[in-house]
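With the hints as constraints, model all of the structure from the sequences given.
Chains as they are written, first to last, in my numbering: chain A, 1244 to 1649; chain B, 112 to 451.
Please keep in mind that the hints were generated in silico from the structure rather than gathered at the bench. Idealized CB from N, CA, C, for every residue including glycine. Hints should not be assumed to be uniformly reliable.
Said to hold, decoys possible - Across the chosen pairs, the derived CB separations fall in these ranges:
{"hint": "1", "chain 1": "A", "residue 1": "Met1355", "chain 2": "B", "residue 2": "Thr361", "range": "23 to 31 Å"}
{"hint": "2", "chain 1": "A", "residue 1": "Lys1645", "chain 2": "B", "residue 2": "Leu139", "range": "55 to 63 Å"}
{"hint": "3", "chain 1": "B", "residue 1": "Asn148", "chain 2": "A", "residue 2": "Leu1647", "range": "51 to 59 Å"}
{"hint": "4", "chain 1": "A", "residue 1": "Met1355", "chain 2": "B", "residue 2": "Pro230", "range": "29 to 37 Å"}
{"hint": "5", "chain 1": "B", "residue 1": "Leu218", "chain 2": "A", "residue 2": "Arg1432", "range": "50 to 58 Å"}
{"hint": "6", "chain 1": "B", "residue 1": "Pro203", "chain 2": "A", "residue 2": "Gly1526", "range": "24 to 32 Å"}
{"hint": "7", "chain 1": "B", "residue 1": "Tyr297", "chain 2": "A", "residue 2": "Arg1432", "range": "54 to 62 Å"}
{"hint": "8", "chain 1": "A", "residue 1": "Val1586", "chain 2": "B", "residue 2": "Pro230", "range": "46 to 54 Å"}
{"hint": "9", "chain 1": "A", "residue 1": "Gly1411", "chain 2": "B", "residue 2": "Gly415", "range": "39 to 47 Å"}
Listed here are the chains, written in short residue letters.
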Amino acid sequence: MMKKFVAVLLSMIMVLGLLTGCGNTAPASSTPTPASNAEPTQNNDPAPAPQEADTPAAPALPEGYKLGVIDWSALGLPLYVAALGMEKDLCATTGAELVTTTLSGYDDAAFMAAYEYLIDQGCNGCVVTTFSEGPISLIADMMEEAGVDWFLANRQISDPDLKAKVFGMDHFVGNCFCSEEDNAYDMVRQLHEKYGVKNLAVLGLTQGDLNGDLRDKGIARACEEFGVTLLTETRGIKTVDDVTNSVEGIIASYPELDGIFIVGGTVTNGALAGAAQALANHGMSDKVSIAMIDIAGGMSAYMGEGQPLKLVAGGNTIMDVLFATTSLINHAMGVNVDAEPYVIGTHMMNIFSIEDANDYDEYIENTSIPMIAGEKWFETIVGKTVDEIQAFSDNFSIAYAKSLRG
Amino acid sequence: MKNKQLPPSILNAGKAFLIPIALYFVLLLLIRERIGNWNSIVTMLVLSVVPTITAYGLSFGFVSGIMDFSIGSLMIIAGVCSSLAGHYFGLPGMLITAIVVAVFLELIVGGLFALLKIPSLVITVGTLMVFEIIGVRLCVIFGELFPQISTGQYVKTAENLTFLGAPPWNFVVLILVAIAYRIVYYRTKFATQARMIGSDELIAKNIGIKPLNVKFATFLVGGFFLGIAAMVSACYSSAVGYKRELASLTMVFKPMMAVIIGMSLERFVKMHVGIFIGSLCISIIFTGIIALGWPDSLQDIILGIFMIVVLAFPTIRKSIADASRRRNARHLFEHQQENA
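See below:
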């Protein structure tokens, strides 16, 4: 009797499972994928907004345009919350629909799954960013196959073959990135020239990280050029404890230490706090200068008189997101179609003081007020040529962001 | 005149401490100018404090055959909560919160282990993933509710409490915890039963020990020590940040190695001293690698080789002793044959 009951129960579960499975796939199959959707076709051959002969109208976006982005705001970093806020405002202003997804991890497979999801949601344009070059080729193929326009943000392609492939693709709109190597070089130069650093220790990113490797090159080049001794480097630190351990170990072994370069300030949460505590434990807060890439929350506590943090560089990520989303919108509006695929260079903003840090938080990474909003989009980068966007990027600073608030 | 000899316990302790001393001397030979100072020695001792206390928490489960990989994420949650509590309720609040949170989380892990009866590896990795996300959410929520204390990525420890993570107070805490550990490990029925289960679970069952109950208890008792480790760690680095993507898993390796070294040194010294020696060896290697300017990837290689050597040492010694005994027996046999 029991066996029969179990058999019936199992059968029912299996049938239910089958039905549920069908239920899930049905809407997906009934929803046309971007490849078969009419929207990407509009996108491929964007119809420029009707232009009057005497009154030039603002370019308009094709109706129902969907922009796909990865939502990183769950990480809790104000940067990503602010970036998402701007993306929402941009889409609301231009009439695009913003489609977001989160990552299930930070490996290549997670990125692939995220972009696959965005394609399945019928996005016409996607902002693509990855941690390494590995998945770019596959993502490019995916986008091409689905007929989705895409823009590579925050990553510079170093492999010439991959670069040739990507830049030769029909749906690749462009690429924006900051020169990580030059920026790291410049930071070491400033540490040396402004703060007299001669003996530097590096808390680096894991080898293989695209941006981390470029930053390492810049650090090495600057050290060689300015005669700064690179004492030691520690990589792939996972916890705040490990940062404190490493800095303690460095202080014990290299009493001549006068500079620390934290290559990824937000990669290890609290890296700055851990490093500053180790210096405080040894009474070296005013003897060692810290430079850090990535703007981390709470950094102003370690700046100012007698504090070790002298220079922070960052903010390029938010600019990359900004230019990537705008470029896709522009492309859909038929702007810069002949110029692409193009490259927009961004730069990191330098923060030297508590005032700079506060201004940055208020005017750039403000989580409630977008840096650019409403009609300001059209005054600044929406509908503008590549040269105008590049000029905007080149001239962008914290002071300029402040002026945008009006 | 009577030949005065040192007590065996001191001799044995000397033998056990020979390992870190030998390691230090190797480094001295290589980089005397960088390592040969008092500051370096103190740093090595400081670096071994948190892993030692963490290893104490880990050891109860480990000796009974449980692998708890969730301790890193658990310590992050306990550290985040206790850091916050420290701002409002001072040291007592910080200590109590750290212990209560750690024990509560271990209660969940141990409870799942006892209820579901699936391997500890599966349970602890599963809970680690859940705890990591809880850690992230806590940091984010605290960042919204207490922006002066938390940035959303990490929670700062109250400045007036960071003294607990620096000498001499961290050593005082370590000594007190080591005493407590010694009492629990050698003077309680549960710890004896845990060791017995670890050596042979079947025999333990046959003499009436309930392995599941004892293993569940190892989680709770371990939680007490892990709570203290989380608090000292938060004071030491002045902040506790969340970790994702199994990054907190790495926090278990050094303490686990310290426990393994402690177990292998148990013939010479008590477990609490052996664990400390293990942690000290690891911190000497860590500091040495930094001082040598070697890439940190070598640290893992050297730590791995070191652990294999330490573990293989008793086996090698036993093999040599066995070979020597066989040789003597053969000589004796041959000698007897010649005489016959």
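Each hint, compared with the structure:
1. Range check, Met1355/A to Thr361/B: about 26 Å between beta-carbon atoms, so the 23 to 31 Å window is met.
2. Hint check: Lys1645/A to Leu139/B, Cβ distance near 56 Å, so the stated range 55 to 63 Å holds.
3. Between Asn148/B and Leu1647/A the Cβ separation comes to about 54 Å, which falls inside the hinted range of 51 to 59 Å.
4. For Met1355/A and Pro230/B, the hinted distance range of 29 to 37 Å is satisfied, since their beta carbons lie about 31 Å from each other.
5. Taking 50 to 58 Å as the suggested C-beta distance range, the pair Leu218/B and Arg1432/A conforms, at roughly 54 Å.
6. Remark: the range hint 24 to 32 Å for Pro203/B to Gly1526/A is upheld by a beta-carbon distance near 29 Å.
7. Range check, Tyr297/B to Arg1432/A: about 59 Å between beta-carbon atoms, so the 54 to 62 Å window is met.
8. With their beta carbons about 52 Å apart, Val1586/A and Pro230/B fall inside the hinted range of 46 to 54 Å.
9. For Gly1411/A paired with Gly415/B, a C-beta distance near 45 Å keeps the hint of 39 to 47 Å intact.
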